[in-house]
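Protein sequence lines correspond, in order, to chains L and R. Mapping the first sequence onto this note's numbering, position 135 (from 1) lands on 115, and the numbers just tick up by one. Mapping the second sequence onto this note's numbering, position 170 (from 1) lands on 150, and the numbers just tick up by one.
Nothing false has been slipped in among the hints.
If several chains are the same, the list does not tell them apart, and a pair holds so long as it fits within one copy or across any two.
Below, simulated SDA-like cross-link-like pairs (lysine to any residue); rule was C-alpha separation at most 25 Å, straight line:
id	residue 1	residue 2
1	Lys81	Gln92
2	Lys51	Phe245
3	Lys50	Ala203
4	Lys45	Phe245
5	Lys22	Gly234
6	Lys(-3)	Pro233
7	Lys50	Trp(-5)
Hints listed in this document are in silico derivations from the structure and should not be mistaken for laboratory results. No experiment lies behind these values; they were computed from the predicted model shown.
There are 2 protein chains.
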Amino acid sequence: MTIENISQAKVADGWHKQFTHESDTLNCSMRFAIFLPPNASKSSPVPVLYWLSGLTCTDENFMQKAGAFKKAAELGIAIVAPDTSPRGDDVADDDGYDLGKGAGFYLNATQQPWASHYHMYDYVTKELPKLIEATFPVNNVKSISGHSMGGHGAITIGLKNPGLYQSISAFSPISHPVSCPWGQKAFNAYLGMNREDWKQYDATELLNKAQSPLPILVDQGEADSFLAEQLKPELLVAAAEKHQSPLELRMQPGYDHSYFFISTFIDEHLTFHATHLLK
Amino acid sequence: MTIENISQAKVADGWHKQFTHESDTLNCSMRFAIFLPPNASKSSPVPVLYWLSGLTCTDENFMQKAGAFKKAAELGIAIVAPDTSPRGDDVADDDGYDLGKGAGFYLNATQQPWASHYHMYDYVTKELPKLIEATFPVNNVKSISGHSMGGHGAITIGLKNPGLYQSISAFSPISHPVSCPWGQKAFNAYLGMNREDWKQYDATELLNKAQSPLPILVDQGEADSFLAEQLKPELLVAAAEKHQSPLELRMQPGYDHSYFFISTFIDEHLTFHATHLLK
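Assemble the whole structure, with the sequences as input and the hints as a guide.
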């Protein structure tokens, strides 16, 4: 596992750094970013919040726009932001912004041409944390969060791997991809036509089956133009209530789908995760 | 003066909005952004911090990356970010990133082809504040700040218009454009070959002539790759000392020229301006 440091900038008394590495899981070169708080050291490793971004994003959107570093520095939490899909000339793509590059949906594709590279689920849950924990002054205590497609990723990955993570949060998650245009297009392409295969990557379906083993915090803007057609958090809440899962949905009046919304509430998400990461 | 609202997003309980308008001063259509804190109302207008961005920027860089809104909302300060040059197909440009569009240098050009549109000095000091104060729930109390080329703009504009502004701050300003490559290229093109004409837009030259009538706060990263060749804040300090001008330069170890640096210290700049805007 060789990784290359391609940028670094001091911020909030800590460091933002970008790295590239050859991913065995994705079969291509990948870039990720990490924020290391000022107190992180080999003798005092810190926990990590993994942030999964939404459609069209890279590792940069959250790191440049969320304004998360002051609070993360204060709490002593590292943040890792992977890319949102495999990348490179050899990687299959689609003309739409919602399929292919920038739209990996945090699953393991089974259908060609996607199955050769699109294994973001394994990348985020296995290869990336192994690399992070071998390379940086962090411990193995992790939580997971994300936005939109990445909110879907955070909730499904957290629910399926309760031993790996301490807590889950999401902004404007695609809550029931099986029943919305973004999810149906992606799952049909990546997973094939059998809808039963889709349910393993659907947050609402997972909560319909069993109680969440982890606490979940969700923020959703009421002025989000994708709310009714693509996001459907009310289905997530109904599923959570079925087995008394510890999920809190906060509807935020006036806020939209943008990073302006995320930047307003990210400190509260970091504080939420800190209570579980640092206990 | 008709202006058109082209975007709005709630953030930090206030609003970020973008507008376009036809500028008589620049003879083209311009875009600007404003952040309005939650307490701004017609019956309780708020003061305004004008933010001038650096080379290649638009109104968006600061608004998306600086993370300034929580503090501005708490203090009750509006922020206005103009573009960095005139825009449009009719506007003269240059192949370099440091001349023409995105590089207006906050001066009034006297040389063609630039003199037809490049009057950012008049735009920022006259037309834009008039438009802002006629349109939004703000009062006429103003301060000015900026980054790099915009730091140069903030200091020179503040020094030349002490009746208009309460305080000045800058991140990594081009402190002595007359003596650095960025400044020499731009001033030669916009103002012609007579170097005496350049001095009216040079922060160090202005401080060499007279005491600053306004307090000035400057932050400069020590790891800024432009520090020695382009920025030269030590010349600004020497000039300030000549007439006991109230200028504080803070050298910040490890920080570079990026918005990661700005986001780290913007709250302190807002607090500095608040002591002068809200007194």
